[in-house]
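S.K.: If you read the sequences in order, they're chains B and L.
Residues in the first sequence are numbered from 0 upward in steps of one, following numbering that gives the first Met the number 0.
Residues in the second sequence are numbered from 0 upward in steps of one, following numbering that gives the first Met the number 0.
Mixed in with the good hints there might be a few duds.
[Stated by the list, open to error] Just so you have them, the derived chain L footprint on chain B, three or more residues with Cβ under 8 Å:
no.	segment
1	22-35
2	53-66
3	74-88
4	92-98
5	102-108
[Said to hold, decoys possible] Facing chain B, according to a computed beta carbon distance under 7 Å, are these residues of chain L, among others:
no.	residue
6	Leu44
7	Gly48
8	Leu207
Quick caveat, the hints were computed from the structure, so don't treat them as lab data.
Computed from a predicted structure; not experimentally measured.
Glycine is no exception: its CB is placed at the ideal position from the N, C-alpha and C atoms.
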Amino acid sequence: MSNHDTHSAEHHHDAIAEIKKVTIILSVLTIIELILGFWMIGMESQSLRLAVKGSIVILMLAKAFYIVAYFMHLKHEIKNLIMTIVVPLALFIWFIAAFLSDGNSFRNLRNTYDPHFKEQSTIKVEQKEHNTSHEKAPNVDAKEGVHDNNAHEAK
Amino acid sequence: MSNVTTASNEAKWWGGGKSPFNVEYGKVMMWYFLMSDAFTFGAFLISYGTVRFSTNGWPDPNQVFRSFPFAPEGMHAPLVFVSIMTFILIVSSVTMVLAVHAGKMMDKKGVVRNMVWTIIGGIAFLSCQAWEWNHLYHEGAWWGVNPFINADGTASSTNFTNFFFTITGFHGFHVFSGVVINIIMLIMTLMNKFEERGHYLMIEKAGLYWHFVDLVWVFVFTCFYLL
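Model the full structure from these sequences, guided by the hints.
M.R.: The following block contains the structure:
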């Protein structure tokens with residue numbers, strides 16, 4: 000009995016140490032993400048922006064791994080269960096690649112063959128100041144009217 | 000000797016007469032439910048990505064989400080409020096793991112204490128989200144209305160607000176149901192239901208759901224506020 004107790008006490012200690020470690024990792028990853036996010040504000044270079052966004056996505060996947068593996072305990076389950084969950088999720092690789100490239104292709108096609116679409120996305124408009132309109136709750140119809148006028152002026 | 004036993008055990012996982020996943024039925028089913036839910040959220044986020052990729056301009060999240068409760072008028076603090084929301088959810092996830100762990104140790108007091116903290120975290124997150132939605136609504140943003148122009152100064156479409164409110168709303172609904180589940184689990188713990196059963200497996204299943212909600216927020220937060 001005492002042997003069992005020391006064993007479970009050790010297990011208890013290990014488990015708590017693991018929770019602490021994962022908490023610290025998740026917090027650090029989040030803080031790095033936020034630092035990158037702040038750094039991106041007002042960044043001019045498009046290629047640098049893209050690189051930062053790529054790093055943020057990698058950090059996001061790392062966070063997802065730590066949550067699933069340790070908090071959801073999947074890493075400590077047996078291989079059969081891990082495979083039955085992880086393998087179907089591999090569909091996401093195709094899902095993301097196919098749909099995002101489809102969206103990208105649609106944009107290129109429209110920019111090439113739809114002059115109206117291309118023109119619309121080069122005309123600058125004025126940002127309506129909305130911080131001042133705090134007191135009056137917006138009437139959805141009225142706002143839509145404003146929005147329409149805006150588009151009209153732009154033309 | 001012990002190695003030999005393990006090897007023969009592994010060979011026989013599918014030999015019948017034992018549980019090949021070595022977990023309880025309810026937990027397997029919770030995992031399968033979460034998988035299907037992951038595909039639902041994945042479909043939402045990927046359609047958002049597809050529409051964004053097919054458009055030339057998109058509003059800058061740092062121009063849209065820059066407010067803070069009780070902040071003086073005109074003060075802009077991009078990313079600050081959403082960082083707090085993110086940390087609230089991470090902390091509530093940690094207290095949930097601690098509750099699951101206490102359950103494994105049959106420590107009722109520990110379960111109750113950590114479940115209470117988890118529920119408080121969930122309610123705090125929902126309150127933050129309610130404040131943010133309310134604030135955006137008062138700036139004129141809602142389904143079908145988008146007052147924010149694109150980052151490059153061109154006119155934006157309503158895709159931005161439609162996706163934002165739909166996806167954060169669907170996530171918020173998950174947080175809400177998670178809080179309800181956690182409250183039920185807390186009541187069952189207080190009524191000694193799990194002590195009578197001799198195990199706290201229900202807390203583990205509720206924990207899986209709660210971590211999934213945190214996991215989805217990792218993706219939603221990145222896709223809407225950072226990218």
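S.K.: Each hint should be assessed against the structure and marked as holding or not.
M.R.: Do the hints match the structure? See the list:
1. For the segment 22-35 of chain B, the stated coverage by chain L is satisfied: 7 residues place a CB nearer than 8 Å to a CB of that chain, which reaches the threshold of 3.
2. Counting residues of the segment 53-66 of chain B whose CB falls under 8 Å from any CB of chain L gives 6; the rule of at least 3 is met.
3. Figure legend: the segment 74-88 of chain B, annotated as covered by chain L; annotation consistent (8 residues with Cβ-Cβ distances under 8 Å, at least 3 required).
4. Counting residues of the segment 92-98 of chain B whose CB lies closer than 8 Å to any CB of chain L gives 3, which reaches the minimum of 3, so the coverage claim holds.
5. A count of 4 residues in the segment 102-108 of chain B with a Cβ less than 8 Å from any Cβ of chain L is obtained; the coverage claim is therefore met, three being the minimum.
6. The interface hint given for L:Leu44 is broken, as the beta carbon of that residue sits about 9 Å from the closest beta carbon of chain B, more than 7 Å.
7. Because the beta carbon of L:Gly48 sits about 5 Å from the nearest beta carbon in chain B, less than 7 Å, this interface hint is met.
8. For L:Leu207, the shortest C-beta to C-beta distance to chain B is roughly 6 Å, which falls under 7 Å, so the interface hint holds.
Going through the hint list in order, the structure does not satisfy hint 6, though it satisfies all others.
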